[in-house]
Amino acid sequence: MRIYGIGAIGIALGLLAVLLASLISTGAASFVQTHVRFDVVIDPSMVDAEAPGEGNYRAIVRDGFEALFPEVTNRRDQRDLQRIVSSGAQYMLRDRVVAQPDLIGTTVSLKVPVSDPFDQFAKGVIPRDVPEEQRRVSDKQIVWWDALVADGRISKPFNWALFFNSDSRFPELAGLRGAIVGSLFALLVCFLISFPVGIAAAIYLEEFAPKNRFVDVIEVNINNLAAVPSVIFGLLGLAVFLNFLGMPRSAPLVGGMVLSLMTLPTIIIATRAALKAVPPSIREAALGVGASRQQAVFHHALPLAMPGILTGTIIGLAQALGETAPLLLIGMNAFITSDPGGLTDPATALPTQIFIWADSPERGFVSRTSAAILVLIGFLLVMNLLAIFLRQRFERKW
Amino acid sequence: MLLAALLLVIGLSLLAYFGSRFRAVASGRKDLHSLPSYHGLFVALWVGLPSLLIIVVWVGLQEPVIDNLLLSSLPEEEIAGKDVGQVGLLLGEIKNVSRGQIFKEPSASVQAAADRYVAWQVIADRAMIAAALAIALAAGALAAIRFRPQFRARQSVERIVTWLMVLCSVLAILTTAGIVLSLVFEALRFFARVPFWDFFFGLSWEPQIALREDQIAGAGAFGAIPVFAGTLLIAFIAMLIAGPIGLLAAIYNAEYAHPRFRAVAKPLLEILAGVPTVVYGFFAVLTVAPALREFGALLGLSVAPNSALAAGAVMGIMIIPFISSLSDDALSAVPQAMRDGSYAIGATQAETIRQVLLPAALPGIVGGFLLAISRAIGETMIVVMAAGLIATLTANPFSGVTTVTVQIVTLLIGDTEFDSPKTLAAFALGLVLFVVTLGLNVIALRIVQKYREKYE
Amino acid sequence: MQLEAAETIRMEGTVPMDGPHEAEAVSMESPAAETAIRDVKIAARGVDVYYGQTHAIKNVSMDVGANEVTAFIGPSGCGKSTFLRAINRMNDTIDICRVTGSIKLDGSDIYDPKVDVVQLRARVGMVFQKPNPFPKSIYDNIAYGPRIHGLVSGKAETDLVVERSLRRAGLWEEVKDRLPAPGTGLSGGQQQRLCIARAIAVEPEVILMDEPCSALDPIATARIEELIDELRANYTIIIVTHSMQQAARVSQRTAFFHLGDLVEFGNTEQVFTMPAEQKTQDYITGRFG
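Just so you know, the protein sequences line up as chains A, B and C, in that order. Each residue of the first sequence is one higher than the last, beginning at 1 in our numbering. Each residue of the second sequence is one higher than the last, beginning at 1 in our numbering. Each residue of the third sequence is one higher than the last, beginning at 1 in our numbering.
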C-alpha cells in the first residue's frame with residue numbers, strides 16, 4: 001500500500017516534470033532568434049523623401065542582400081537566396097526610415113531575422129544529414145548560409161520580438177505583444193467587474209443576508225456556477241453578449257465580461273471564507289461602541305479580511321488568465337497583427353494565441369507555442385507567488 | 001461620449017458629496033443625527049446612481065434604436081425583398097460610409113442615410129448627456145431638500161448600499177438564468193429543425209456536410225450518440241489514469257506521509273490543477289500523441305494521431321489533483337477512533353486502510369470521483385487540440401473520437417450564423433453538457449455533504 | 001452608601017421614574033426592608049427573550065438604578081448574559097433572537113421601532129467577556145467611537161478625548177508613550193481597560209460588562225474592580241459575573257438568574273447574607289452552579 005502510494009505520487013510528479021521538460025526543451029530555442037547582418041543602400045530614387053512610407057524597400061533589401069553574393073546571378077538562385085532573409089525585413093527597414101528620414105541616401109547596416117527554415121536550421125532543429133528533399137533548406141542554400149556564418153554575419157541575440165511584436169504569418173516575426181495586451185485588457189475588465197461585485201455579494205451573503213429560501217437559492221447557485229464547464233460560459237457570452245446585446249466580436253471587453261462571470265464564484269467564496277475568519281468579537285466590539293452593522297463590516301471586518309480576499313482574487317484572476325475555451329467562442333482567436341488600442345478592438349489573448357500557434361503548420365510555431373506557454377506559465381507563477389506572499393505576510397492567527 | 005457622460009456623473013456626484021457635507025458641517029448643529037459625510041454620501045448616491053442607470057440603458061438602446069430609424073427612413077426600394085442578413089449588410093455599409101471607409105461608390109440613398117446616421121448619432125449623444133444631467137440634478141435636488149439635522153442620512157445610505165449588495169448577489173442568479181435561457185432558447189430553435197429523437201438517438205453525426213446555404217436544412221446528420229460515446233470514452237480513459245493514481249496518492253498523503261513530505265507534495269500536485277488546459281492540449285499534441293504512436297508501432301498497433309488514448313491520458317493527468325485532494329479530505333475526515341479501534345484488535349496499517357478507512361471514506365471518495373468525471377466531461381481545450389473532429393462510434397481507444405465540447409467549439413469557431421442548425425446544434429450539445437455536469441455536481445455535493453455530516 | 005452614590009451625580013437628561021412605579025418594582029422581589037432605588041435608569045417589564053424555540057429569558061421585570069453597580073449572577077446558561085445583551089439590543093444581530101416586553105431607558109422604550117439602535121448603543125456601552133481591542137493602534141481604538149458619532153472634530157479634540165478616556169480607565173500612565181502601538185500588544189488586563197476606555201470615549205450613560213474579568217489574572221481583576229467602583233460616580237454599570245465574590249465586592253444590587261427566571265433581586269448585602277429564596281441560598285452556598 002505504502003509503496004503504491006509513493007509510486008502514485010512519483011508518477012504524478014514525474015508527469016508534471018515531463019510536461020515542463022518538454023515545454024522548456026522545445027520552447028527555449030524561441031527565446032533567441034537568428035539574425036543576419038548586411039548593408040543596404042537607401043537609394044533616393046527608390047524612396048521619396050517626401051513620403052518615406054511609400055518607398056520600394058523590398059528592392060532595397062533585395063539588392064543589399066544580393067550584394068553579399070555577387071556570384072549568384074541566376075534568377076532562380078537569387079530567389080532562393082532571398083529566402084534566407086525574413087520577409088519582414090523590408091517593413092523593419094521602412095519603419096526605421098520613416099522614423100529617421102535623413103537616412104535616405106545613406107548606407108545602413110541592417111540586422112534582421114532570418115526566415116523560419118533557416119532559424120530552425122541554425123538551431124539544429126533541421127539537421128544537415130537528412131536528404132535534401134526532406135528538408136526546407138536546399139544544399140545550395142546551406143553553402144550560402146555557411147558563407148554567411150563564416151563571415152560572422154549570423155548572430156543569435158535574445159528574441160525581444162517575442163514580447164514586442166504582435167502576431168504574424170511568419171514565425172520568425174511573430175510575437176506575443178498583441179496577446180499580452182489583449183489578456184491584460186480582458187483581465188482588467190474581469191477585475192473591475194468581479195472584484196467589487198464579488199465582494200459586495202459576499203458581504204451581503206456572509207454578513208447581512210437573512211436566512212430564507214431566496215438567499216439559499218443564491219448560495220446554491222454560486223456553488224454550482226463554480227463547477228459549470230468553462231465552455232458553457234462561452235456559449236453564454238456568444239448568445240447573450242454578442243448575439244443579444246450586439247457587442248463587438250473578439251473584443252477584450254466581452255472576453256473580460258465572460259471571464260468575470262467565471263471568476264465571480266471564486267471571489268465570492270474566498271471573500272466569504274476571509275470574512276468568516278475575522279472573529280465575531282471584532283464586530284461586537286464595533287457594535288458595542290455604537291457602530292452600525294455596516295460600519296462594523298466596512299470599517300473593521302472587511303479591512304481585516306482584505307489579505308484573504310486579495311489572495312482569492314489573484315488566484316481567480318490567474319485561472320481567468322489561463323482560460324481558453326470561452327474566449328474561442330467569442331472570437332478572441334482572430335488573426336490580428338497589431339495590438340488592440342482599446343477594449344472594443346479585436347484582440348487575442350495569451351491562451352488563445354497559444355491555441356492559434358499550436359494549430360499553425362510552420363515548424364517555427366511549434367517552438368513559439370512552447371515559448372508562449374512558458375510566458376503564460378511565467379505570468380501564472382508570478383501571480384500565484386504574489387498570492388502566497390500575501391497569505392504568508394498578512395495572514396493573521398486569531 | 002460615454003466617457004464624457006461618465007466623467008460628468010462622477011464630477012456631479014463629487015460635487016454633491018462635498019456640497020452636502022459642507023452644508024451639514026456649516027449648519028453648525030451639534031445634534032446632527034448622522035455624520036456630515038453621510039449627508040454628503042446620501043445626496044451623491046442620489047445624483048450618481050439614477051443617472052448612471054440612464055447612461056447604461058441609453059448606451060444599450062441607442063444603436064438598435066438608430067438602426068431602426070435608419071431603416072425606416074430608407075427609400076422602400078432599398079429594403080424591399082431583402083432578408084435579415086442583407087439588411088444587416090446594408091446597415092453595415094451605411095455605417096462604413098459614415099466613417100469614411102468607402103470601398104465602392106455609395107448610392108445616393110446610402111450616402112444620405114450615412115449623413116443622417118452621423119447627425120442622429122450626434123443628437124443621441126447630446127441627448128444622453130442632457131438626460132443624464134437632468135436626472136442627476138432632479139434626483140440630487142430631491143435628495144438635498146430632505147436635509148435636516150435629524151435626517152437619518154446614515155440609515156438611508158446604508159439602505160441604498162444594502163440594495164446594491166443584494167443586486168450584486170442576484171447577479172449570480174442572473175448568470176445562471178442567462179446560461180439556462182440562452183441554452184434552452186437556442187436548443188429549442190434547433191429542435192424545431194432537427195427532431196428531438198434524431199438528436200438523442202441518431203447514430204450519425206455529420207454537421208459539416210452542408211456546403212451550400214440552400215442545402216443546410218436537408219443535409220447534415222445530427223445524431224449525437226457517437227459524440228456522447230466519444231465523450232464518455234475519453235472521460236473513462238481519463239478516470240482510468242487519474243482514479244488509481246489520485247486515490248493512491250491520497251492514501252499515502254493522508255495515512256503514511258510525514259507532515260513535511262505532505263507539505264511539499266500536496267502543493268506540487270495542486271500545480272497540475274493550475275496548469276491551463278490549453279497547455280495540456282499542446283502537451284498532448286507535442287509529446288504524448290507522437291509517443292503513443294511510436295509505442296503503438298512498436299507493438300504493431302496503429303494508433304491514430306488524435307487517438308482517444310492520448311487525449312484521455314492527458315486529461316487524466318489534469319484530473320489527478322482533483323481526485324487526490326478530495327479523497328484526501330474524505331480520508332482525513334474519518335475519525336481517529338475508527339483507526340484506533342482497528343489497531344486495537346491487532347490490524348496492520350495496510351489492513352486498517354483497506355478494511356476500515358476505505359469503506360468508511362467511500363462516500364466521500366465516490367463524491368470526489370463524480371466531481372472529477374463532471375470535470376472530465378466538461379473539459380474543452382485538451383480534447384479540442386488532441387481529440388478528433390470526426391464522430392466515430394467506437395470503443396477502440398487507439399482510434400480518434402470526438403466529444404461534446406470539441407463539437408461545440410468547432411461548430412462555433414469562425415463565422416457564426418445564428419439560424420443554421422449547425423450553430424444551433426452547438427447550443428443543444430451545450431444544454432446536454434450543462435444538465436449532465438450540473439446533475440453530477442449536485443449528486444456529488446450531496447453525497448459529500450451527507451458524508452461530512454456523518455462524522456461531525 | 002448606595003443612596004449617596006445614587007444622589008451624587010445624575011447624568012444630564014436623566015428623567016427619574018415616578019414613585020409608585022419604583023415601589024412596585026422593588027416590592028416584587030423583596031420585603032419592605034429593601035433600600036429603594038431612588039433614581040431608575042433602566043426599567044424592564046415582562047421581558048421575554050427567545051432563541052428560536054428556546055425560551056431564554058422568562059418574564060423578567062427589574063429596575064436598574066442610576067450610578068449604581070448592578071450585578072447579574074447565576075449558573076452558566078441561566079440567561080444573565082442574554083438579558084444583559086437585551087439592554088443595548090446586541091441581540092438584534094442574531095437572526096433567530098426575539099425580544100418581547102418593554103425595556104425603558106430613561107422612560108423611553110428602547111425596542112420602539114423608531115429608536116436608532118446605533119444611538120442606543122452609543123448611550124449604552126458594552127465591555128465584553130474577552131478583551132477585544134480592534135487590531136489597530138491604542139489611539140485609534142479609543143478614537144473610533146467618537147469619530148463615528150461625530151463627537152470630535154479635528155486632531156486636538158480627538159487627542160483630548162483619547163487622553164480623558166484613558167485616564168478614566170486608569171490606563172493613561174501605562175500607555176501614554178505608545179499610543180500608536182497596536183492595542184492587541186497590551187497585556188490582558190490592559191486590553192480590558194482599553195476596551196473600557198473605548199466604551200467610555202463615546203460618553204455613554206450606561207456601561208454593560210459581560211464577565212469582564214473572566215479572562216484575566218487576579219491582579220488584573222482587582223485593578224478592573226477598582227476601576228468599576230470609580231466609574232460608578234459617572235455611569236450606571238451592569239456587570240455579569242460568574243464570581244459571587246466579585247458581585248459582592250463591586251455591586252450595590254444583585255440579581256440572581258436561574259434557567260431564564262429572575263429568581264431574586266435586591267441589595268447585594270441582603271442577597272448574599274439573607275436571601276429570600278431557597279434557590280439563591282443554594283447557589284451562593286455552592287450547592288449547585
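If you are wondering where the hints come from, they were derived from the structure by calculation, not from laboratory data. Take the hints with a grain of salt, since some may be wrong.
Capping the alpha-carbon separation at 27 Å, the derived lysine-lysine pairs in DSSO-like fashion look like this [said to hold, decoys possible]:
#: 1; chain 1: A; residue 1: K111; chain 2: A; residue 2: K140
#: 2; chain 1: A; residue 1: K276; chain 2: C; residue 2: K130
#: 3; chain 1: C; residue 1: K104; chain 2: C; residue 2: K58
#: 4; chain 1: C; residue 1: K136; chain 2: A; residue 2: K276
#: 5; chain 1: C; residue 1: K58; chain 2: C; residue 2: K114
#: 6; chain 1: C; residue 1: K136; chain 2: A; residue 2: K211
Each hint tested on the structure:
| no. | hint | verdict |
| --- | --- | --- |
| 1 | A:K111 - A:K140 | holds (23 Å) |
| 2 | A:K276 - C:K130 | holds (19 Å) |
| 3 | C:K104 - C:K58 | holds (17 Å) |
| 4 | C:K136 - A:K276 | holds (19 Å) |
| 5 | C:K58 - C:K114 | holds (25 Å) |
| 6 | C:K136 - A:K211 | violated (32 Å) |
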